[in-house]
Amino acid sequence: EDQVTQSPEALRLQEGESSSLNCSYTVSGLRGLFWYRQDPGKGPEFLFTLYSAGEEKEKERLKATLTKKESFLHITAPKPEDSATYLCAVQASSGGSNYKLTFGKGTLLTVNP
Amino acid sequence: NAGVTQTPKFQVLKTGQSMTLQCAQDMNHEYMSWYRQDPGMGLRLIHYSVGAGITDQGEVPNGYNVSRSTTEDFPLRLLSAAPSQTSVYFCASKRNPGANVLTFGAGSRLTVL
Chain Z
1 EDQVTQSPEA LRLQEGESSS LNCSYTVSGL RGLFWYRQDP GKGPEFLFTL
51 YSAGEEKEKE RLKATLTKKE SFLHITAPKP EDSATYLCAV QASSGGSNYK
101 LTFGKGTLLT VNP
Chain L
1 NAGVTQTPKF QVLKTGQSMT LQCAQDMNHE YMSWYRQDPG MGLRLIHYSV
51 GAGITDQGEV PNGYNVSRST TEDFPLRLLS AAPSQTSVYF CASKRNPGAN
101 VLTFGAGSRL TVL
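Residue numbers (our numbering), protein chains in the order written: chain Z, 1 to 113; chain L, 1 to 113.
Hints are computed from structural coordinates only; laboratory data are not their basis.
Take the hints with a grain of salt, since some may be wrong.
Here are the in silico distance ranges between beta carbons for each label pair [claimed, not checked]: (1) L/T86 x Z/D39: 19 to 27 Å; (2) L/N100 x Z/P40: 23 to 31 Å; (3) Z/S83 x L/A99: 26 to 34 Å; (4) L/T70 x Z/R12: 40 to 48 Å; (5) Z/S83 x L/A106: 13 to 21 Å.
Glycine included, each C-beta is placed from N, C-alpha and C at the ideal position.
Given these sequences and hints, build the entire structure.
Right, here's the structure in full:
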């Protein structure tokens, strides 16, 4: 069974204080690992897809990396508007996966001014 | 271009009542899906559809029905609501089953008393 574990559950940072969120996963053949951002009262919003170990993607202050067992979302010099819940999800490449994404529980990031 | 539109945004039901959560997308996406999000748990797939007339079960389908008579619409029906179905429901779509980016609606918060 595919599993995704995100840590920490919650993280408080001061504005400008860089840090990383972790996503550990087990999957029967990784088709893709996804990062989403979710603001309170809204649906998740797509950030990145990573396909293979060693791959990196960047968007503004966010950088996602991938190894064979985990992914990191690095946040450089965060701003208060980066406050949100960050969700990690994996999709297996094996047949019969019904295209489903297995989501982690998320990391609630709060950036204080 | 509205994306994925869900109605209603909030609903309170009594145990045993039935209702339909509506989902519509205007992006001509083949794939549509319903997730539920509960505190302390990741998003879980309820049902999905890979095209008009084709639906299948996800991870937690019991107590829910779906149909896909048009490309645009994918309603979720609760036949006899139970308190365990209290949750936030998200509809999500993507261009085709193999596409990477899921576009989510804003969510429907359902409370069953």
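Requested in this report: Identify every previously stated hint that the structure contradicts and give their numbers, smallest first.
Outcome: none
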